[in-house]
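Number of protein chains: 2
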Amino acid sequence: MKFKLEHTSKTSKARAGTLTTDHGEIQTPVFMPVGTLGNVKAMTNRDLEESDANIILGNTYHLNLRPGMPLMEKAGGLHQFMNYHKNILTDSGGFQVFSLAALAKITDEGVKLRSHLDGSKWFFTPEFVIDVQRQIGSDIMMVLDECAPYPCTEEYAKKAVERTTKWAKRSMEHFKKTKPLYGHDQTMFAIVQGSTYKNLREQSCKELVELDFEGYAIGGVSVGEPPEHIPEISDLCTNFLPENKPRYLMGVGTPKDILNCISAGIDMFDCVMPTRNARNGTVFTRKGKIIIKGAKVKEDFEPIDKECGCYTCRNHSRAYVRHLFNAGEKLSGQLATIHNIYFYLWLTKEARKAIFNNRFEEFKEEILQYY
Amino acid sequence: MKFKLEHTSKTSKARAGTLTTDHGEIQTPVFMPVGTLGNVKAMTNRDLEESDANIILGNTYHLNLRPGMPLMEKAGGLHQFMNYHKNILTDSGGFQVFSLAALAKITDEGVKLRSHLDGSKWFFTPEFVIDVQRQIGSDIMMVLDECAPYPCTEEYAKKAVERTTKWAKRSMEHFKKTKPLYGHDQTMFAIVQGSTYKNLREQSCKELVELDFEGYAIGGVSVGEPPEHIPEISDLCTNFLPENKPRYLMGVGTPKDILNCISAGIDMFDCVMPTRNARNGTVFTRKGKIIIKGAKVKEDFEPIDKECGCYTCRNHSRAYVRHLFNAGEKLSGQLATIHNIYFYLWLTKEARKAIFNNRFEEFKEEILQYY
Chain A
1 MKFKLEHTSK
11 TSKARAGTLT
21 TDHGEIQTPV
31 FMPVGTLGNV
41 KAMTNRDLEE
51 SDANIILGNT
61 YHLNLRPGMP
71 LMEKAGGLHQ
81 FMNYHKNILT
91 DSGGFQVFSL
101 AALAKITDEG
111 VKLRSHLDGS
121 KWFFTPEFVI
131 DVQRQIGSDI
141 MMVLDECAPY
151 PCTEEYAKKA
161 VERTTKWAKR
171 SMEHFKKTKP
181 LYGHDQTMFA
191 IVQGSTYKNL
201 REQSCKELVE
211 LDFEGYAIGG
221 VSVGEPPEHI
231 PEISDLCTNF
241 LPENKPRYLM
251 GVGTPKDILN
261 CISAGIDMFD
271 CVMPTRNARN
281 GTVFTRKGKI
291 IIKGAKVKED
301 FEPIDKECGC
311 YTCRNHSRAY
321 VRHLFNAGEK
331 LSGQLATIHN
341 IYFYLWLTKE
351 ARKAIFNNRF
361 EEFKEEILQY
371 Y
Chain B
1 MKFKLEHTSK
11 TSKARAGTLT
21 TDHGEIQTPV
31 FMPVGTLGNV
41 KAMTNRDLEE
51 SDANIILGNT
61 YHLNLRPGMP
71 LMEKAGGLHQ
81 FMNYHKNILT
91 DSGGFQVFSL
101 AALAKITDEG
111 VKLRSHLDGS
121 KWFFTPEFVI
131 DVQRQIGSDI
141 MMVLDECAPY
151 PCTEEYAKKA
161 VERTTKWAKR
171 SMEHFKKTKP
181 LYGHDQTMFA
191 IVQGSTYKNL
201 REQSCKELVE
211 LDFEGYAIGG
221 VSVGEPPEHI
231 PEISDLCTNF
241 LPENKPRYLM
251 GVGTPKDILN
261 CISAGIDMFD
271 CVMPTRNARN
281 GTVFTRKGKI
291 IIKGAKVKED
301 FEPIDKECGC
311 YTCRNHSRAY
321 VRHLFNAGEK
331 LSGQLATIHN
341 IYFYLWLTKE
351 ARKAIFNNRF
361 EEFKEEILQY
371 Y
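Read top to bottom, the protein sequences are chains A and B.
Residue numbering for the first sequence follows our numbering, starting at 1 and increasing by one per position.
Residue numbering for the second sequence follows our numbering, starting at 1 and increasing by one per position.
The following block holds chain A by itself, in its conformation from the complex:
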């Protein structure tokens, strides 16, 4: 992987860059649609292609259970299995350990957990999740981390930081000892922890930077903390992360969060919000959110967003999409998903343009008046 920092805003830490892997270029800032189980929910690859997404997420924990790694290897990895030939980043499963905590037991060695599906036992170690990600063949792998819940004591958060650093070291060693399986290169990012404790975030950044990863993620946000912490933590961490490496804020977020964290120097984002909200009948536009299944748009024959170029906005009215939701037709979620993903990609592409034009803060304000 190569990362080239191309431009930094004069009025904030907002930056534009290009990340290059064997599956092509990713221009940052970038939003990465979530494709947990080997598909972005309700989207075909063609829909994804048209959204201009150049990278999507997969999830190590979930893919390890379904379809499972024997099948994944036979398929030739996730790119082949999905027939998706752009970039894939896989989360390590660290967040699933957090979100399925009742089923997990964490020790220094790793995480003993039971499948949420069938109760089968798994032992997730830093080494194991790399092995699985080798089998998946993701372009960007993530280390196993310990994601502390919110709120948590400083003592707890400190232990999680220290364990995350130890695991990152083991990860780097194992990464160097193992090889990609499918002929394309793979890289690996570390994950910064530290909850809302500034000293711990600083410590985590410094320890991980020491290990010289090709990219750094900020984890342990979007776990229930007040939303104002998100740009604060991002702003703090990017002070301690190298300029010349990509920074990925995990699981974030709303259009507002994304724009504010671009100002804080973040390059990469992922979140289930656009896809999940779409299926639940909320869509994002240049002029704010709309409850597209609501009675307000019943007789509104305008597209969801007049300025949007997505398939849904080119072809259908709010009233039609609302009718489909109201009638329980699955196409409603498909059309809303196509729009929301297109919008999120538009948002980060416009942010990038604005950064190059030294007007990112203005662009942000234009959007944020509606969010």
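Calculated directly from the structure, the hints in this document are not laboratory data.
Be aware that a few hints might be false.
One copy or two, either will do: identical chains are not told apart, so a pair holds if it fits within one copy or between any two.
To be verified - No farther apart than 20 Å at their CA atoms in a straight line, the calculated lysine-lysine pairs in the PhoX-like style are these:
| id | residue 1 | residue 2 |
| --- | --- | --- |
| 1 | LYS298 | LYS74 |
| 2 | LYS74 | LYS293 |
| 3 | LYS166 | LYS112 |
| 4 | LYS41 | LYS13 |
| 5 | LYS289 | LYS245 |
Since the structure is predicted, the reported quantities are computational estimates derived from the model, not experimental observations.
Please build the complex by placing chain B on the supplied structure of chain A, with the hints as guidance.
Showing chain B alone in chain A's frame:
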């Protein structure tokens, strides 16, 4: 509407024709995907376009409830509302009266019924369903008929035939008195009833032919009778229906039913089978049905049907589609629906070619060995 009979098979009653409306040509035999509520479930218009469908169904009973006719008129009719500009045929609601019988009371005047959604009261008369279909703006409207259940006594079936004829007369009168609302022409087909009684089917055909409709449907099949009745009834009715008018067999069926009824001289078919089965994990191929969510195809990296040109078969393996079903991902139903509708359209297009080449019966046998 114009119908041109272009070729009749030398070895059966199979025939090829072209039906022309203001929304374009429909080459017969043809399968018409079911789009009850203003969309073919889980399919975008683009997916429909690629399946080569030139006509889809809508449903008067359902559309009258949702989105309702005030909105339908404001939208400029169903073609505009859906942004679908090929042909639409609407069923009259007669079949919903049958399938929701506990909520309906039939008299000579019409059908008093309660909405299955909110209990609201409606009075479906032959005149009312035409008014609604004028509001929908379907290219082909259907008369209100009385669909007898199976089994039913000859006496019951005879009364239903007589009522259906009376209603057809009223329909014709009302049709002539009313006008299309959206600038394109509309036609109306009558519906033959008579259950499994040959004499009653003959009576129904003769009475309706007398009224000189532009097309004739055969209703009251696929209501629980043994499947061998379907081609028998079709074969009988087409003996009494005019050669130069299209014949539509309502709610049928399996690939086997469709091919056998093409032999019996039927031109048009509709059925929820390809879409419903798709969502439930069964797909149709040139070599028979496959349970695509089943364990048998777990490691099968071939497309659903190697010879199929649909988006799903061009891009994805059985193993991938099976994984999506297994993981409960909605994309599974989307991909399977795209394939099944494409397959059904392929089937009737190939049937048409075979009719022109005087080898329809051979083509039918090639397919039926697997069905």
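Verification of the hints:
1. When the C-alpha separation of LYS298 and LYS74 is checked against a cutoff of 20 Å, the pair qualifies only between copies, where the shortest distance is 11 Å, while the shortest distance within a copy is 49 Å.
2. Taking the shortest alpha-carbon separations for LYS74 and LYS293, only the inter-copy value of 19 Å comes in at or below 20 Å, while the best intra-copy value is 42 Å.
3. In the homo-oligomer, the alpha carbons of LYS166 and LYS112 lie at most 20 Å apart inside one protomer (17 Å), although the nearest pairing across protomers, at 74 Å, exceeds that limit.
4. Taking identical chains as interchangeable, the C-alpha atoms of LYS41 and LYS13 are never at most 20 Å apart, the minima being 33 Å within one chain and 47 Å between chains.
5. Taking CA atoms no more than 20 Å apart as the test, LYS289 paired with LYS245 passes in neither setting, with 33 Å inside one copy and 52 Å between copies.
Consistency note: the structure conflicts with the earlier hints numbered 4 and 5.
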